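*Asks:* Just so we're aligned, residue 1 is where the sequence shown starts under the numbering used here, counting upward by one.
If you're looking for bench data, these hints aren't it; they were derived computationally from the structure.
Please note that the accuracy of each hint is not assured.
Listed next, the in silico DSBU-like pairs over lysine-lysine satisfying Cα-Cα at most 30 Å (straight line) [unchecked claim]:
hint, residue 1, residue 2
1, 181, 261
2, 273, 179
3, 120, 179
4, 366, 273
5, 273, 356
6, 120, 181
7, 32, 120
8, 356, 32
9, 179, 356
Since we're looking at a predicted model, the values are computed, not measured.
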Amino acid sequence: MHLPYYALIMAGGSGSRLWPLSRQDSPKQVLKLLGERTMFQLAVDRLLPIFAPERIITVTTVDLADELAAQAPMLPRGNFLVEPQGRGTAPVIGLGALFARHLAGGEAVVACLTADHYIKDAQKFQQVLCAAGEAAERGHIVTLGIRPSFASTGFGYLQQGESLPAADGFALYRMIAFKEKPDEETAAEFFADGLHSWNSGMFVWMTGRVADEFARQLPDTAAKLNEVARTFQSAPGRHASQSLPHQYLETIGRIWPTVEKQTIDYGIMEGAKDVAVIPVDIGWSDVGSWASLLDILEPDEQGNVVIGGQHLSVDTTGTLISSNRLVATIGLTDLIIVDTDDALLVCPRDRSQEVKQIVERLQQQKEYKYL
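Assemble the whole structure, with the sequences as input and the hints as a guide.
*Replies:* See below:
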């Protein structure tokens, strides 16, 4: 690497499919779902071996910034950018790239990552990030593809084309297209042909490429982000402990609500030039549902996973129980049971993706105390 290399952690979002434990004021990235460290802390832990703390940037909501900063005190407080409201991943990544360029004092490489993924093989993940950074310096927009372990209909797919020169020993391919979440027949075809990877939502590119693509594809968003970025000139230094200045907070508070709500996939990546994919097997999961935790966490001898409390089982298998108290079950198979102080969720394991519908119903009924 010749250019300075930064990591951008996207740490907004509500994790609605992990309701009722994940709420607006305590979304999944601040929860200890996988052990004694929160999802955000695990994300930072994976990066510290290859990124100095001052080169790790976090974008999150106003409400979560202080909590996340307290969870990772080694990170400069001034590297926590806040968004007043959710506008999608595209403006978050655009803003973060501009901040990385500010910190670097010029061109830099930025890895755009998330705070709520599980990655089993952290060492290989670090190796592939370094390889992707090298490929990004060649001018590619690099996306990390996950080698499919089954024919999933729950993920988008990346279609790879011709082989490109390898990056630090990792195979690199020209990416032909982003594919929507497929039906079962199409997913089986994608899994069998060996030319498709799951879309991890992780990208590595030079800040200049980010700026060029935003200017070409989302010019109105680019102009507004540049206006916010002008306030970075008064921001604290990279080793500062202070929060971002009032000028930034005032400007983004005024501009952010007018920014087009857009994802990076639809807004930028589908129309981007010179996109390359590195397919990898790193034990990745987006922790997108309660069922995904059954696949990640170590089950007991009956195949059950218990989070938090105590489980007394009689003839119960393949079930996840999350509670702070004793839960006794008899004769259950493949269920999700999540017990909190004010809400209880019970659903079949194979319908855990539909938990989002419960959240939507609560929003429609204005039951905000449960959100």
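*Asks:* With reference to the structure, classify each hint as holding or not holding.
*Replies:* These are the hints, each one checked on the structure:
1. With a CA separation close to 21 Å, the supplied pair residue 181 and residue 261 stays within the 30 Å bound.
2. At roughly 16 Å between alpha-carbon atoms, residue 273 and residue 179 fall within 30 Å of each other, so this suggested pair holds.
3. Of the supplied pair hints, the one linking residue 120 and residue 179 holds, its CA atoms being roughly 25 Å apart against a limit of 30 Å.
4. Proximity of residue 366 to residue 273 is assessed by CA-CA distance (about 43 Å); at most 30 Å being required, the pair is judged violated.
5. Simply put, residue 273 and residue 356 have alpha-carbon atoms about 34 Å apart, too far for the 30 Å limit, and the pair is violated.
6. This hinted pair checks out: residue 120 and residue 181 have alpha carbons roughly 24 Å apart, not beyond 30 Å.
7. About 16 Å separates the Cα atoms of residue 32 and residue 120, which keeps this hinted pair within 30 Å; it holds.
8. Between the alpha carbons of residue 356 and residue 32 the distance comes to roughly 20 Å, so the proposed pair stays at or under 30 Å and holds.
9. Restraint check for residue 179 and residue 356: the C-alpha separation of about 23 Å stays at or below 30 Å, so the hint holds.
Hint violations for this structure: numbers 4, 5, all remaining hints satisfied.
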